[in-house]
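Asker: Here's the letter readout for the chains.
Number of protein chains: 2
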Amino acid sequence: MPISLRQIRYFVATAELGQISQAAVELSISQSAVTTAIRELERTVNLQLFERSSSGMGLTPAGREFLFHAYEILQKVHEATHLTIPSGNVEGRLVVAATYTVIGYFLPDHLQRLQRAFPGLDIQLHEVNREAIEEGLLDERYDIAVLLTSNVRDPQIASETMMSSTRRLWVPSRHPFLKKARVGLADVAREPYIMLTVDEAANTSLSYWSTSHYSPNVKLRTSSVEAVRSMVASGQGVAILSDMVYRPWSLEGQRLETIVLQEPVPAMNVGLAWARHARFNKAMEAFRAYFRQAFHIPQMRTDTSPSAPPHLAKTDGAG
Amino acid sequence: MPISLRQIRYFVATAELGQISQAAVELSISQSAVTTAIRELERTVNLQLFERSSSGMGLTPAGREFLFHAYEILQKVHEATHLTIPSGNVEGRLVVAATYTVIGYFLPDHLQRLQRAFPGLDIQLHEVNREAIEEGLLDERYDIAVLLTSNVRDPQIASETMMSSTRRLWVPSRHPFLKKARVGLADVAREPYIMLTVDEAANTSLSYWSTSHYSPNVKLRTSSVEAVRSMVASGQGVAILSDMVYRPWSLEGQRLETIVLQEPVPAMNVGLAWARHARFNKAMEAFRAYFRQAFHIPQMRTDTSPSAPPHLAKTDGAG
DNA sequence: GCTGTAATATCAAAAAATCAGAAGGCCTCG
DNA sequence: CGAGGCCTTCTGATTTTTTGATATTACAGC
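So the sequence lines, in the order shown, correspond to chains A and B. The first sequence begins at 1 in UniProt numbering and counts up by one. The second sequence begins at 1 in UniProt numbering and counts up by one.
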């Protein structure tokens with residue numbers, strides 16, 4: 001018999017609360033219903049997920065593994081049931097420039113979704129650095145760009161931040177830092193440090209470390225967020241990571257805590273940029289509209305496209 | 001009302017077959033059951049997923065997006081229901097060395113799963129290059145290593161390949177190459193090329209390109225597999241990618257084909273390595289057993305641990 | 001313009017899954 | 001050794017899902 005989401009939901013509630021009876025209260029159903037659902041679940045996956053005791057239900061190793069997958073499933077289901085689909089049927093070519101790190105760690109999913117949302121849109125992606133992007137936008141070689149907006153210099157370039165994620169210190173649970181009133185870079189400098197080498201993190205790190213008088217004691221550099229998480233969780237070091245890599249749930253045995261540092265650490269801002277003088281065509285509007293909805297930025301009216309966005313009209317009436 | 005996996009399964013079948021009646025046959029249930037399930041699904045996600053016509057059901061853009069998510073959900077469910085859990089309760093520390101690329105693109109998931117499977121196992125991960133790994137294994141500074149096994153040189157190092165994935169040429173559908181009897185590097189050299197910069201792909205590429213007399217016409221270098229897929233699918237270039245990044249389903253509008261190249265292109269081999277003289281302790285056995293089961297390599301008996309693996313005993317009786 | 005065909009939609013009854021509540025067993029703690 | 005938690009099992013009630021028959025719609029051929 002195939003499993004159901006109902007079973008997964010009951011399983012997760014029980015795993016989190018450690019007791020079927022508690023889970024039943026949480027789920028507002030009877031406790032026997034939960035018992036049966038879990039029994040059937042165990043039977044169909046052919047694994048013992050819980051250790052039964054008089055004090056409740058404790059996860060077995062198999063159960064922990066299953067819980068992890070269960071979270072992933074529920075996460076995907078949530079995503080699927082909360083789709084916001086950009087409307088319209090845009091045709092045409094859009095020449096997009098993006099920086100290396102944005103292409104690597106930010107764009108991929110969005111490119112896929114854009115392709116699905118606008119099958120008629122032909123997105124030509126170019127990987128160039130910030131300077132070349134600014135030039136290219138003004139030259140009209142690129143229609144629009146995706147980059148770290150805090151780095152944009154040229155006043156003729158307009159930009160809009162889509163995602164800003166603050167950076168925090170990640171430590172294993174029971175780490176002494178958690179008992180301190182305040183933790184600063186001076187403290188961090190004395191700990192082994194796991195450095196993430198994506199998204200200019202390494203460069204940005206250097207910038208904020210250099211303004212302090214300390215430097216991180218780098219134990220390992222890696223481009224894998226998961227590796228950083230694993231290593232921090234297992235007590236091999238600490239890291240300063242942006243909230244972008246936040247996971248909505250933590251897992252037993254995967255104990256991570258975050259601390260806001262005493263010193264201000266710059267946030268990571270990713271967003272769009274375009275030439276102020278540019279006219280927004282349908283493709284550009286669609287691209288922008290997609291990102292606005294993806295990051296829950298209030299939509300603007302799209303009645304009179306092609307048109308320059310309102311706040312551009314102020315500085316450049318040639319829309 | 002929350003959605004159910006049943007609805008998702010019916011939705012997927014209908015989306016794939018284009019007709020509710022066909023899907024009903026495929027699912028061995030009545031047509032009206034499918035109709036109802038899909039109607040309810042559309043109602044709860046509040047999206048029109050299909051365009052109804054007298055010829056059947058065509059996906060709307062929202063439907064295509066949902067289908068993508070539906071596949072992900074079913075994929076996760078499949079994973080969750082087919083867990084193979086390494087047994088045992090291993091305690092202790094394991095010092096693991098791995099190369100940069102392996103840490104970045106191969107280990108993360110496995111590290112997580114290992115942590116869950118063996119909560120008592122304290123994995124100390126070190127990122128070092130191949131040479132240092134070989135030295136470190138012989139010095140007993142590292143217990144075991146994960147690396148590209150084809151690169152291992154020292155005969156005192158034993159290795160075991162876990163995953164071998166061949167590289168193929170990826171082209172958009174309707175590409176002229178698909179009509180050719182044979183495609184070689186000479187042909188590829190004339191096409192814009194999207195180069196993936198992970199897993200030593202760039203280096204390896206150079207090695208097989210250099211043995212030919214051609215060189216790729218690199219249009220874009222990126223570390224994102226998804227970006228490569230997007231760009232190849234939208235006709236912006238071709239790429240030579242390993243099967244490791246294979247996705248079990250393709251999506252309309254995401255049309256990719258693969259071609260085996262005329263010239264032999266080296267496969268990518270990832271695996272474990274250890275010093276031949278090393279005794280396998282419980283932690284090492286567990287580590288190895290985990291990977292063996294993860295990649296469906298026949299299990300060996302683990303009765304008399306600690307012990308050297310059988311094929312080592314031949315060359316080194318000091319097990 | 002019929003008309004046949006092939007598709008989805010609708011509806012009431014039947015079947016299946018799920019649920020609540022009660023009874024029972026096991027364990028722990030006082 | 002008894003009370004209180006907790007999980008399990010059982011039964012009948014309830015809800016969901018399926019079925020099978022019956023519209024309804026669009027299209028193609030005559």
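Calculated from the structure, these hints are not laboratory results. Be aware that a few hints might be false.
Unchecked claim - Result set (DSS-like, lysine-lysine): computed pairs, CA atoms no more than 30 angstroms apart in a straight line: (1) LYS219(B) <-> LYS282(B); (2) LYS219(A) <-> LYS282(B); (3) LYS76(B) <-> LYS76(A).
Unchecked claim - Pair ranges (Cβ atoms, derived): (4) PRO192(A) <-> GLN156(B): 29 to 37 angstroms; (5) ARG6(A) <-> GLN156(B): 51 to 59 angstroms; (6) THR44(B) <-> GLN156(A): 41 to 49 angstroms; (7) VAL260(A) <-> ARG52(B): 51 to 59 angstroms; (8) ALA33(B) <-> GLN293(A): 29 to 37 angstroms; (9) ARG6(B) <-> GLN293(A): 28 to 36 angstroms; (10) ALA189(A) <-> ARG93(B): 53 to 61 angstroms.
Where a beta carbon is used, it is the ideal one built from N, C-alpha and C, also for glycine.
Asker: Take the hints in turn and mark each one as holding or not.
Answerer: Evaluated hints:
Between LYS219(B) and LYS282(B), the direct Cα distance comes to roughly 49 angstroms. Violation of the 30 angstroms bound is thereby established for this hinted pair. For a cut-off of 30 angstroms, the pair hint linking LYS219(A) to LYS282(B) stands: about 27 angstroms separates their Cα positions. Among the hinted pairs, LYS76(B) with LYS76(A) is consistent with the structure: their alpha-carbon atoms are about 9 angstroms apart, no more than 30 angstroms. Between PRO192(A) and GLN156(B) the C-beta distance comes to about 31 angstroms, which sits within the given range of 29 to 37 angstroms.
In this structure, ARG6(A) and GLN156(B) meet the distance hint of 51 to 59 angstroms, their C-beta atoms being roughly 56 angstroms apart. At about 48 angstroms, the beta-carbon gap between THR44(B) and GLN156(A) stays in the expected band of 41 to 49 angstroms. About 53 angstroms separates the C-beta atoms of VAL260(A) and ARG52(B), a value consistent with the hinted range of 51 to 59 angstroms. Evaluation of the 29 to 37 angstroms hint for ALA33(B) and GLN293(A) yields a pass: the beta carbon distance comes to about 34 angstroms.
The hinted window of 28 to 36 angstroms between ARG6(B) and GLN293(A) holds, with their beta carbons roughly 29 angstroms apart. Taken as a hint, the range 53 to 61 angstroms is violated for the pair ALA189(A) and ARG93(B), whose Cβ atoms sit roughly 26 angstroms apart.
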